[in-house]
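Peer 1: Using the sequences and the hints given, assemble the complete structure.
First residue of the sequence shown? That's 1 in the numbering used here, and the numbers climb one at a time after it.
Simulated from the structure, these hints should not be mistaken for laboratory data. Here a beta-carbon is modelled for each residue, glycine too, at the ideal position from N, C-alpha and C. Hints may be right or wrong, so weigh each one.
[Claimed, not checked] What follows is a set of in silico ranges between Cβ atoms, one per label pair, in the way DEER data are often shown:
1) I98 - I44: 10 to 20 angstroms
2) K118 - L163: 16 to 26 angstroms
3) I98 - I136: 37 to 47 angstroms
4) L91 - I136: 28 to 38 angstroms
5) S149 - N103: 57 to 67 angstroms
6) N103 - S79: 30 to 40 angstroms
7) W159 - V122: 11 to 21 angstroms
8) A8 - W159: 34 to 44 angstroms
9) F150 - I62: 22 to 32 angstroms
10) Y140 - I44: 32 to 42 angstroms
11) I62 - W1: 16 to 26 angstroms
[Said to hold, decoys possible] Straight-line distance between alpha carbons at most 27 angstroms, and here's what the computed DSS-like set of lysine-lysine pairs gives:
12) K118 - K104
13) K184 - K104
14) K184 - K111
15) K118 - K184
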Amino acid sequence: WIRYLAYAISMTEWIILFSIIYDWKKNLSKEKQTKFLLAYRLMILADFWVFLNIILALLISIPSINLFTHGTHITVAHSMGTTIGINTLILLSSIAFIIDSENKFTLVSEKRIALGIKIFNVSFLLFWISLLIMGIKKGYWTFFSKHESFSQLQDSLHWVYILFVIFGLGIIVGLSIIIFTFIKNIVYNAK
Numbered sequence: 001w002i003r004y005l006a007y008a009i010s011m012t013e014w015i016i017l018f019s020i021i022y023d024w025k026k027n028l029s030k031e032k033q034t035k036f037l038l039a040y041r042l043m044i045l046a047d048f049w050v051f052l053n054i055i056l057a058l059l060i061s062i063p064s065i066n067l068f069t070h071g072t073h074i075t076v077a078h079s080m081g082t083t084i085g086i087n088t089l090i091l092l093s094s095i096a097f098i099i100d101s102e103n104k105f106t107l108v109s110e111k112r113i114a115l116g117i118k119i120f121n122v123s124f125l126l127f128w129i130s131l132l133i134m135g136i137k138k139g140y141w142t143f144f145s146k147h148e149s150f151s152q153l154q155d156s157l158h159w160v161y162i163l164f165v166i167f168g169l170g171i172i173v174g175l176s177i178i179i180f181t182f183i184k185n186i187v188y189n190a191k
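Peer 2: Below, the structure written as C-alpha cells:
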C-alpha cells in the first residue's frame, strides 16, 4: 500500500502541470511585462523549463518507465533542467530586474543579452535532448541488448558525446555573454 500511496502522491504533480499551462500568461500585468521586458523574457524561459522538467519528472515517476530510466542520463537531464534551466534563469531574471530598476539597459546591451539568451537556450535545449538520447540508449542497452558490451554502447554514443560537449560550450558562451553584459552595465552605471 505504501508504494501505491507514494505513486498517487507523485501523480498529483499533474495538477501543477495543468496549473502552469492554465496560468502561463496571467502572472504579470502588461505594464510590468513591458517595463521589465528582459526580466520577463528570462522568467518565461524559466517557466518553459519548469514545464519541460515537470513533464519529464512525471514520466520518470511512472514505475514502468522509471525501471528503464533509473541510473541513466535521463535522471541527469532532469537535474540539469532544474539546476541550469530553472534556477539559473530565475537568478538571471532577478539580476536583470534589479539592474533595470536602477538603470535602464542600453539598446546595444539589450541586443547583446538577447543574443546570449538565444545562444544559451538553443544550446541548453540541445544539451538536454542529447542527455535524453544517451539515457534512452543506455536504458535500451540495459534491458534489451544482451550481446552488446558496455564499450560498444559507449562507442555508439561517440557523436552524441561530441555534440553534448559542443552544446555545453554553447551554454557557457551564452551565459558568458549575458553575465558580462550585466557586469559591464553595472560598472558603466556606477561611474
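Peer 1: Next, verify each hint and record whether it holds.
Peer 2: Hint check:
| no. | hint | in the structure |
| --- | --- | --- |
| 1 | I98 - I44: 10 to 20 angstroms | holds (18 angstroms) |
| 2 | K118 - L163: 16 to 26 angstroms | holds (18 angstroms) |
| 3 | I98 - I136: 37 to 47 angstroms | holds (40 angstroms) |
| 4 | L91 - I136: 28 to 38 angstroms | holds (30 angstroms) |
| 5 | S149 - N103: 57 to 67 angstroms | holds (59 angstroms) |
| 6 | N103 - S79: 30 to 40 angstroms | holds (36 angstroms) |
| 7 | W159 - V122: 11 to 21 angstroms | holds (19 angstroms) |
| 8 | A8 - W159: 34 to 44 angstroms | holds (41 angstroms) |
| 9 | F150 - I62: 22 to 32 angstroms | holds (26 angstroms) |
| 10 | Y140 - I44: 32 to 42 angstroms | holds (35 angstroms) |
| 11 | I62 - W1: 16 to 26 angstroms | holds (18 angstroms) |
| 12 | K118 - K104 | holds (21 angstroms) |
| 13 | K184 - K104 | holds (13 angstroms) |
| 14 | K184 - K111 | holds (14 angstroms) |
| 15 | K118 - K184 | holds (19 angstroms) |
Figure legend: structure checked against the earlier numbered hints; every hint is met.
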